[in-house]
Amino acid sequence: MKLSQIAKKLALTVKAGETGLDAEVTGGYAGDLLSCAMAGAHKGNLWVTLQGHLNIVAIASLDELAGIIVTENKPIAQDTLAKAAEEGIPILATPLTTFEIVGRLWEMGVRT
Amino acid sequence: MTVSEVYKAQELVYELKVGEIMTRRVLTVTPDMTMHQVKNLMRDSRISGLPVLVGEKLVGIVSIEDLIVTMERGELETSVSEHMTIGVYTISEDESVIQALNKFTKTRVGRLPVVSRAGKLVGIITPDDITRGVLKALQVAYHEEEIRRYRASHLFEDIASDQTKLLLTYAVPPRDFNRAGRASSQLKLALGRLGVDPRIVRRVAIAAYEAEMNIVIHSSNGGHICAEVTAERIVVQAIDQGPGIADVAQALQAGYSTAPDWIREMGFGAGMGFTNIRNCVDEFALESSLDKGTRLQAVVYLHLGEVLPDEAKPDR
Chain R
1 MKLSQIAKKL ALTVKAGETG LDAEVTGGYA GDLLSCAMAG AHKGNLWVTL
51 QGHLNIVAIA SLDELAGIIV TENKPIAQDT LAKAAEEGIP ILATPLTTFE
101 IVGRLWEMGV RT
Chain P
1 MTVSEVYKAQ ELVYELKVGE IMTRRVLTVT PDMTMHQVKN LMRDSRISGL
51 PVLVGEKLVG IVSIEDLIVT MERGELETSV SEHMTIGVYT ISEDESVIQA
101 LNKFTKTRVG RLPVVSRAGK LVGIITPDDI TRGVLKALQV AYHEEEIRRY
151 RASHLFEDIA SDQTKLLLTY AVPPRDFNRA GRASSQLKLA LGRLGVDPRI
201 VRRVAIAAYE AEMNIVIHSS NGGHICAEVT AERIVVQAID QGPGIADVAQ
251 ALQAGYSTAP DWIREMGFGA GMGFTNIRNC VDEFALESSL DKGTRLQAVV
301 YLHLGEVLPD EAKPDR
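If you read the sequences in order, they're chains R and P. The first sequence lines up with residues 1 to 112 when you count with our numbering. The second sequence lines up with residues 1 to 316 when you count with our numbering.
Note that these hints are calculated values from the structure, not bench results. Possibly wrong hints are sitting among the right ones.
[Stated by the list, open to error] For each label pair, taking beta carbons as the anchor points, the in silico distance ranges come out as:
(1) P:Tyr-89 with R:Thr-112: 37 to 47 Å
(2) P:Gly-55 with R:Glu-72: 52 to 62 Å
(3) P:Pro-173 with R:Arg-104: 33 to 43 Å
The beta carbon of each residue, even a glycine, is placed where N, CA and C say it ideally should be.
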């Protein structure tokens with residue numbers, strides 16, 4: 001499933017990195033600890049987190065993730081969005097909690 | 001074009017500046033010239049619009065549409081000032097191509113005079129210039145990356161010696177979270193260009209990132225990440241001069257962390273760094289003392305795919 005389809009279905013707001021929305025999502029990872037995300041997420045995965053600072057882009061770039069969903073409308077730093085745009089990594093925002101988003105993703109068939 | 005090339009083109013419209021792709025040699029006219037002269041200039045130079053200048057000041061633009069109206073009315077001998085468009089849309093030479101595209105869409109003009117910050121006319125840009133400029137930049141970018149990849153991937157074959165080593169060193173400043181991750185992402189890019197298997201690149205990149213973050217978070221004065229690459233293995237070293245680790249055995253336990261709260265709030269300090277590194281690499285060594293600082297060494301062998309199949313995944 002393409003990230004753009006997921007964004008549409010879950011009514012996610014695209015905050016940055018539109019150029020990467022065409023990516024095929026291969027699975028997902030949820031969590032806010034960067035070390036765990038880096039070790040647990042794999043290429044093409046969608047990462048669901050509460051973190052909004054710059055280093056989430058570094059992790060997504062190292063792991064070649066399809067994108068990042070920031071939940072509970074947590075504020076996302078301006079430099080995070082700038083870096084994400086530069087790297088072409090989509091950052092998507094939602095008012096829902098991580099628990100709810102992951103549940104819906106799973107229902108849609110995004111599974112690891 | 002492949003999908004990734006399309007993305008690259010999209011990036012380029014943000015990166016490329018108007019000044020880089022505009023036409024620099026601009027033909028101009030003055031307000032007192034006749035429309036007859038304009039007609040000849042347009043015909044001879046095959047252009048469809050001319051900026052109108054008084055001295056160095058841009059006062060208007062006269063287009064082929066203006067000329068047609070003039071000809072219909074039989075007023076070719078009247079002056080430019082009577083027919084030019086005043087209140088010209090312009091664009092600055094340091095604006096990006098995407099801004100120019102937006103301006104073309106919004107104003108529906110066919111050309112935009114380009115002005116310097118001082119307001120001086122320095123060029124002119126049309127949608128044609130944009131198409132040509134982006135295609136050219138795309139070709140250059142693609143070609144450059146191909147060449148880099150080719151050169152780097154043949155390094156170990158092309159350079160004859162009994163033992164060729166490539167040493168990559170990156171400085172890591174302390175507590176700079178804006179630059180954090182730079183060393184490991186540059187190392188990752190370099191290994192990719194060297195033609196290293198992507199699964200191995202991932203393992204080295206994870207180890208390097210964790211080690212880099214340790215230096216960013218904990219070191220007093222920063223440190224270095226060094227990667228020694230040979231045809232057989234990659235040795236990553238992370239070195240700092242202090243403050244050192246009081247109890248190395250304790251620090252190696254999964255979940256143990258000394259990171260302060262403000263760092264934990266950013267998602268670091270999970271106490272999983274050393275565990276992650278150990279799970280990714282073939283050999284791991286950590287030396288530290290409170291007076292000398294910390295030296296971490298991690299080795300990944302390039303031809304041990306059968307020992308660590310697929311991607312290293314730490315079991316938590």
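Query - Unsatisfied constraints (hint numbers, rising) - result: 1
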